[in-house]
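> For the record, the sequence lines run as chains C and H.
In terms of our numbering, the first sequence is residues 1 to 456.
In terms of our numbering, the second sequence is residues 1 to 254.
By construction, these hints were calculated from the structure, which means they are not laboratory data.
Nothing false has been slipped in among the hints.
In silico lysine to aspartate or glutamate, EDC-like type, Cα no more than 20 Å apart, as pairs: (1) C:K421 to H:E144; (2) H:K78 to C:D403; (3) H:K108 to C:D403; (4) H:K78 to C:E406; (5) C:K421 to H:E89; (6) H:K78 to H:D51; (7) C:K175 to C:E200; (8) H:K108 to C:E406.
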Amino acid sequence: MSKDDTLQQVTTNLSDWYLSSRDRLTKASSPVFNAPRTEAIDHFRTLGIPGRGNENYLYTDVQKVFSQPYKRHIDPQKIIFSVEDLFHCDIPELDTELILLVNGWFYNNRPPLQILPNGIIYGSLAEAALRYPDMVKSHYTKYADHSTEGLVALNTAFARDGTFIYIPKNGGNEKAFQIVNILLSTEDLFVQHRNLVIVEEGAVARIVVCDHSLSALQYLTNSVTEIYVGKNAELHYYKLQNEHNLSNQFSSSYIHQERDSRVVFNTVSLHGGIVRNNVFVKLNGQGASNETLGLFLADQNQHVDNYTFVDHAEPDCTSSQNFKGVLDDQATGAFTGRILVRQDAQKTEAYQVNNNILLTDEAQMSTRPQLEIYADDVKCSHGATVGQLDENALFYLRTRGIDSREARLLLMHAFGHEILKQVSVKPLQERLEDLVDKRLRGELSRCNNCPVQCET
Amino acid sequence: MLIIKNLRASIEGNEILKGINLEVKAGEVHAIMGPNGSGKSTLSAILAGRDLYQVTAGEVTFEGENLLDLPPEVRARKGIFLGFQYPVEIPGVSMVNFMRTAVNEVRKFRNLPDLSSSDFLKMMREKKALVEIDSGLTSRSVNEGFSGGEKKRNEIFQMAMLEPKLAILDETDSGLDIDALKTVAYGVNRLKTPQNAIIVITHYQRLLDYIVPDVIHVLYQGRIVKTGGKELAFELEEKGYDWIKEPNREIENE
Ligand SMILES: Nc1ncnc2c1ncn2[C@@H]1O[C@H](COP(=O)(O)OP(=O)(O)OP(=O)(O)O)[C@@H](O)[C@H]1O
Ligand SMILES: [Mg+2]
Numbered sequence: 001m002s003k004d005d006t007l008q009q010v011t012t013n014l015s016d017w018y019l020s021s022r023d024r025l026t027k028a029s030s031p032v033f034n035a036p037r038t039e040a041i042d043h044f045r046t047l048g049i050p051g052r053g054n055e056n057y058l059y060t061d062v063q064k065v066f067s068q069p070y071k072r073h074i075d076p077q078k079i080i081f082s083v084e085d086l087f088h089c090d091i092p093e094l095d096t097e098l099i100l101l102v103n104g105w106f107y108n109n110r111p112p113l114q115i116l117p118n119g120i121i122y123g124s125l126a127e128a129a130l131r132y133p134d135m136v137k138s139h140y141t142k143y144a145d146h147s148t149e150g151l152v153a154l155n156t157a158f159a160r161d162g163t164f165i166y167i168p169k170n171g172g173n174e175k176a177f178q179i180v181n182i183l184l185s186t187e188d189l190f191v192q193h194r195n196l197v198i199v200e201e202g203a204v205a206r207i208v209v210c211d212h213s214l215s216a217l218q219y220l221t222n223s224v225t226e227i228y229v230g231k232n233a234e235l236h237y238y239k240l241q242n243e244h245n246l247s248n249q250f251s252s253s254y255i256h257q258e259r260d261s262r263v264v265f266n267t268v269s270l271h272g273g274i275v276r277n278n279v280f281v282k283l284n285g286q287g288a289s290n291e292t293l294g295l296f297l298a299d300q301n302q303h304v305d306n307y308t309f310v311d312h313a314e315p316d317c318t319s320s321q322n323f324k325g326v327l328d329d330q331a332t333g334a335f336t337g338r339i340l341v342r343q344d345a346q347k348t349e350a351y352q353v354n355n356n357i358l359l360t361d362e363a364q365m366s367t368r369p370q371l372e373i374y375a376d377d378v379k380c381s382h383g384a385t386v387g388q389l390d391e392n393a394l395f396y397l398r399t400r401g402i403d404s405r406e407a408r409l410l411l412m413h414a415f416g417h418e419i420l421k422q423v424s425v426k427p428l429q430e431r432l433e434d435l436v437d438k439r440l441r442g443e444l445s446r447c448n449n450c451p452v453q454c455e456t
Numbered sequence: 001m002l003i004i005k006n007l008r009a010s011i012e013g014n015e016i017l018k019g020i021n022l023e024v025k026a027g028e029v030h031a032i033m034g035p036n037g038s039g040k041s042t043l044s045a046i047l048a049g050r051d052l053y054q055v056t057a058g059e060v061t062f063e064g065e066n067l068l069d070l071p072p073e074v075r076a077r078k079g080i081f082l083g084f085q086y087p088v089e090i091p092g093v094s095m096v097n098f099m100r101t102a103v104n105e106v107r108k109f110r111n112l113p114d115l116s117s118s119d120f121l122k123m124m125r126e127k128k129a130l131v132e133i134d135s136g137l138t139s140r141s142v143n144e145g146f147s148g149g150e151k152k153r154n155e156i157f158q159m160a161m162l163e164p165k166l167a168i169l170d171e172t173d174s175g176l177d178i179d180a181l182k183t184v185a186y187g188v189n190r191l192k193t194p195q196n197a198i199i200v201i202t203h204y205q206r207l208l209d210y211i212v213p214d215v216i217h218v219l220y221q222g223r224i225v226k227t228g229g230k231e232l233a234f235e236l237e238e239k240g241y242d243w244i245k246e247p248n249r250e251i252e253n254e
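The task is simple: from the sequences and hints, build the whole structure.
Shown next, in the form of structure tokens:
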């Protein structure tokens with residue numbers, strides 16, 4: 001079967017699965033989730049899984065990932081392990097408001113929604129949609145467009161649960177929020193979760209997302225996260241992807257920013273099989289600024305593809321993307337950075353950099369900027385490099401007695417440090433530096449006290 | 001300590017060193033002078049282990065051991081130090097981390113335990129004082145954004161930290177103001193013992209007022225064409241290189 005036929009088959013299977021499970025889905029969900037389902041599955045039938053013909057997926061073999069026989073579930077499965085025994089975050093000073101998702105489901109070891117005295121609400125999105133339907137409804141599907149993106153349509157058609165964080169107007173929290181996504185099962189699994197973050201006007205939030213896979217099985221995650229950042233609000237969002245080489249991930253984040261809002265969105269990819277990160281940013285009010293960063297380290301046959309799309313819809317906004325990659329063995333990587341500056345978006349500043357290091361001749365990196373500028377008063381720059389470690393710097397280090405391996409590690413670490421130093425949650429930053437160091441050394445960069453030692 | 005015999009080296013088929021002979025004994029200071037492009041930096045890079053150049057003939061021994069087979073880090077651990085003419089900027093690698101790694105690598109080679117954090121910091125403080133390097137510099141990335149003079153001072157600081165047996169200082173004086181020159185020379189002299197040796201590469205006689213050489217060599221077109229005492233530097237300062245170049249034309253035409 002050709003690739004396109006296979007993808008068509010996958011699309012048909014998933015659509016059929018929808019038909020057979022529609023009643024159960026609808027019965028179990030809030031009307032907020034149910035409302036767009038039919039429309040979403042119709043779009044999915046037309047759009048399908050993005051294949052070879054899709055400009056935006058040129059570098060990622062989606063077919064290879066989707067054609068595996070994963071188990072799919074409409075309802076949460078009983079977890080036969082005790083997650084508490086298996087997982088607790090070992091970043092010592094990272095005292096956070098924790099949300100645990102296991103296989104995409106809110107893990108019921110605590111009330112599904114926490115309501116803090118300062119008005120903050122966090123926990124399960126399914127529960128939030130039942131208890132606060134209006135709040136969820138005014139943002140749900142408003143930013144992630146299921147009429148153009150097949151994977152979003154698929155996620156929307158099946159959406160049942162995920163994380164929810166709400167920060168009220170002018171609110172804030174001393175602690176950061178930590179979302180831990182755990183994959184834990186006795187079978188290969190297809191997982192979809194849907195997340196919503198609302199940071200109201202003038203509010204401030206820091207969110208740390210950690211993706212882990214605890215069983216050495218095949219996974220495919222198709223997650224969609226919608227993020228609303230109101231007028232003059234601020235969000236720092238850090239995503240640490242530390243799964244194993246059999247975990248494939250399609251992660252789409254949609255960030256909607258109002259006037260004078262500030263967002264830092266940083267994705268650190270340490271481990272994974274085939275990883276695709278989509279970050280869509282809409283700067284929807286004057287004076288908004290967005291910084292989207294990423295560091296990815298890939299070896300063996302891993303593949304990391306970062307796609308960003310920043311829409312400058314209003315004047316006076318600033319955006320920057322800075323992605324760095326280190327590719328070893330036969331690993332492959334890709335970066336696409338699309339910037340759209342609309343006609344009215346005068347005085348836009350948009351900057352983009354993508355620097356990559358290839359450690360072997362077999363490693364490959366594709367990088368492409370896509371700039372569409374319709375305003376005339378714009379400051380814009382972009383640059384990309386694909387190269388090796390600096391031979392002069394290596395020699396310099398070695399003349400001081402540092403062996404070649406250690407010198408390379410120092411240089412690679414320094415390369416990644418540029419992204420990590422911008423992490424404003426200190427204990428997390430230190431931990432990331434440490435994980436990156438271990439990762440570069442080829443040591444298992446898993447949380448030390450996790451008793452599950454995944455084989456891959 | 002160091003014996004170079006008939007060393008020839010080329011890059012991309014261009015022969016740059018055309019038969020160098022040189023012997024440096026413990027306790028000696030040698031100066032190498034010579035016009036631009038004569039091969040001084042090439043020679044020092046080859047001694048430090050740069051593999052960019054192909055050694056086509058000759059041999060180099062350091063304390064009786066064939067040096068050319070050793071990787072740069074092993075040469076460094078055995079006590080060879082190169083002060084770069086153009087020190088390399090390494091963004092993201094902190095001076096402290098760099099020096100701690102380097103010092104401990106060298107100690108490991110000498111079967112010494114790693115320095116404790118406090119001992120290391122103490123050593124840093126002492127050596128910083130010795131070469132009067134600005135404290136702020138060592139909390140930055142290696143050479144990043146350092147001024148020309150600061151980079152040179154940093155080379156001497158690293159030399160002080162690593163305590164080499166043979167230091168090759170490639171134009172450490174270029175770019176230094178007169179006060180900095182004195183401090184750097186003072187630092188170098190303080191590090192001088194009867195057991196170690198120094199090769200200074202320079203264009204200026206001035207430096208040799210402060211670091212007094214036992215021997216001066218003139219390198220020209222890949223050969224040492226003249227060797228003499230420190231009065232040779234004055235002669236060069238006065239007359240330039242033309243009088244050395246003249247008789248050499250004949251060699252070339254042979
Ligand atoms: N990497 C290289 N590629 C090509 N040519 C080189 C390279 N390195 C050195 N050379 C050439 O070798 C010759 C000697 O250079 P070298 O840097 O050793 O001179 P030098 O004596 O140190 O000069 P200066 O006094 O200007 O520092 C020069 O002609 C130079 O262009
Ligand atoms: Mg030179």
